[in-house]
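Chains as they are written, first to last, in my numbering: chain A, 1 to 484; chain B, 1001 to 1217.
What the hints contain is simulated information worked out from the structure, not anything from laboratory work. C-beta: ideal position from N, C-alpha, C; glycine also. Mixed in with the good hints there might be a few duds.
Simulated DEER-style distance windows between Cβ atoms [to be verified]:
1) A:Glu297 to B:Phe1088: 48 to 56 Å
2) B:Leu1187 to A:Phe466: 45 to 53 Å
3) B:Thr1057 to A:Arg53: 48 to 56 Å
4) A:Glu361 to B:Tyr1075: 45 to 53 Å
5) A:Gly195 to B:Thr1057: 47 to 55 Å
6) B:Trp1030 to A:Thr430: 26 to 34 Å
7) A:Pro102 to B:Val1010: 55 to 63 Å
8) A:Lys151 to B:Phe1088: 28 to 36 Å
9) B:Val1195 to A:Pro102: 32 to 40 Å
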Amino acid sequence: MAMELLFLFCVPIVAALLSLLLKNNQRLLERIALIASLIETGIAFVVVNTVIRLQSYAYSTHLIVDSLGALLIGTTAVVGVFATIYSIGYLRREIKKEIIDPVRLMQYYVLLHLFQAAMFFAILTAEPILMWIAIEATTLSTAFLINFYRKASAVEAAWKYLIINSLGLLLALFGTLVFMASAGHAVPASLSNWGELFAVAASLDPVVVKIAFVFLLIGYGTKVGLVPMHTWKPDAYSKAPTPVIALFSGVLMNVAFLPILRFKTIVDQALGIAFTQQLLLFFGFISVVVASLLMFEQRNYKRLLAFSSIEHAGLIALGFGFGGLGTIAALLHMVYHALVKSLLFFSIGNVFLKFSSTKMENIRGVMSALPLTSVLLLIGFVGVVGMPPFGVFLTEMGILTAGMASHPILVACTILALVIAFIGFFKVITAMLFGEIPDGMKKGEFSRWTTVPLVVLACLFVVMSFVIPDGLRELIMRSASTLH
Amino acid sequence: MTTSVSLLSVLGILVFMMSVFLHVIKKYSWLVLAYSLQSFCIVLLLVQLAQDRAEPTLYLAALLTLVVKVLFAPYFFMRLLRQYQLKFALAPYLNNSLTLLALMGLTAFAFSPALSGIASLFPAQSKLVSLGIAMIFFALVFLMNRKEVVSQIIGMLTLENGVVFVALLLGVEQPFGLELGITFDLLVWMIIATVFIGVIYKQFGSLHIAEMSKLKE
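Just chain A, same shape as in the assembly (with noise of 0.2 Å):
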């Protein structure tokens, strides 16, 4: 009876209330945090291998897992594992130096499961409606994790990220319910889940759908983090826990494109796809420019990393709009770009846990001080910019010429915008791992918590480039033509 998608989110719901009655013990909060994740991890690969098999998978009208539920899914739960065993490793270090104590840590792992919770269930719902309470609820959640460590600059920026996100998502209710209201008046029947409204596009009012998608796009293209709706990500990705943000850059925008997609294919039954191409171009094209060129003049690593986020997010959306190719492309990047930005953060976690500073000036020699780490970091750099013959390269190469023909300037921008932002990084990153380590400074890693989860991620990330197992090919190529 499909109860698999009922626990999925239930799973994190219960570890996030035993987490509650567990005040001062770091080792029972730490087990329930694992044991959950790697149930949820379970039913999430029970849940994919299903919906390979059957093409959608149900419980009631209200739960429903399509080929794109389940890629995202299936990402979510993945990362979300990874992410929970560096956190193990990374607030033990946290309470070692006291900056955290016991309280804080329950208080970090039931907001973990909290928003584990909400991201799985705005995959699952069928509503539009409840998967906007579930991207709310994921805001609401990590407001609390962005001020975890309690400094003036992370109430700052969580302030700024609620602010900016809880408008953002309004605005996308607004679109939500404008969208209802005129399929409502199409057909007066009940109308509440993506099927039903995907049946009536084609006798929607033009003009109310263009207004409403715009209203989405701008809502939802908030939470995603798009160019001009992005000024929050930067401050939030600085004060953040590293595992947090891995979550956020990694399945969050994923989750957030969610409806944006949803949307989009009915509003191609509506109007064509001209429409909906023409807006995610733009949004894309100016992510992706903007980014690369504020990527140049950052000084703080992390914020760097935001800016990666964003310009990705930008690609992810060219490939949407480019369509065709375009499409197969943008889906098989959020994936990439899942496996390669954790692996990136926790990499960077690592750097800050060892050199105690987020500026850029202050890390040198994290190749003496880290070395299995800067070789991780060093693939993460290398997966993130594109380079070949990694994954990211091919899906980038991929959404390019999918815009090629009908877009060259545009192709030609982007290509330039990239190239600037490899630089950006690169400049970085080598003035990070060389150079003499600061005196006094202890060589070496800190625990297996803290680096078999990312070699485990880089090993799944350089095997992914090569060879596409047979389950994701057949759920980004069914997603694919849903989309387009």
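Go by the hints and put chain B onto chain A.
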């Protein structure tokens, strides 16, 4: 039906007027009161729509709105204002004259052909829908124009009221589901307000947005 249309119009205009008054009010307690009155008008609107459309769930939505937005939320905010001895808001970025000019411009835009498509979804009360859209714009201006955390929270809540107002007029299905979602959002905002107002006050010694400049490198 004519009586209910007149009543809807009166309620709509009252909700709209509260949105305008918010911009000229400087005292925090009056801001909370204006929000409470606006929410009460939404309650009456829900009751009227429940009668017109013979939808029992709208009565439930009205009750939920009354308890949470009209009674609990204002009580909660008044307690916060007393706790931190907050009385008057700072002067906004735009003075009253410029603010009202901006609101006039936005009202004209809400009634313009660009957005008339949305209003046409409810032909019987298309002007009310346009007023609702204007209210959403007013709330956005309020958020950008005010310099304090408390004002921003109230701005967010009035934006929610605007969205709900338009949604109800447009006859969106599952209004109870919508109210539940908004109520969930409101309750969590109250948790956030409790936590963040205290934290912001402790870190910055003030609830003024201008004081929050630690992120500037």
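A quick look at each hint next to the structure:
1. The hint said 48 to 56 Å for the Cβ distance between A:Glu297 and B:Phe1088, and at roughly 40 Å that hint is violated.
2. At roughly 49 Å, the beta-carbon separation of B:Leu1187 and A:Phe466 lies within the given 45 to 53 Å, and the hint holds.
3. Look at B:Thr1057 against A:Arg53: about 39 Å separates their beta carbons, and that is not inside 48 to 56 Å.
4. Remark: the range hint 45 to 53 Å for A:Glu361 to B:Tyr1075 is upheld by a beta-carbon distance near 51 Å.
5. Taking 47 to 55 Å as the suggested C-beta distance range, the pair A:Gly195 and B:Thr1057 does not conform, at roughly 23 Å.
6. At roughly 59 Å, the beta-carbon separation of B:Trp1030 and A:Thr430 lies outside the given 26 to 34 Å, and the hint is violated.
7. For A:Pro102 and B:Val1010, the hinted distance range of 55 to 63 Å is satisfied, since their beta carbons lie about 57 Å from each other.
8. A hinted range of 28 to 36 Å holds for the C-beta pair A:Lys151 and B:Phe1088, which are about 29 Å apart.
9. Remark: the range hint 32 to 40 Å for B:Val1195 to A:Pro102 is contradicted by a beta-carbon distance near 19 Å.
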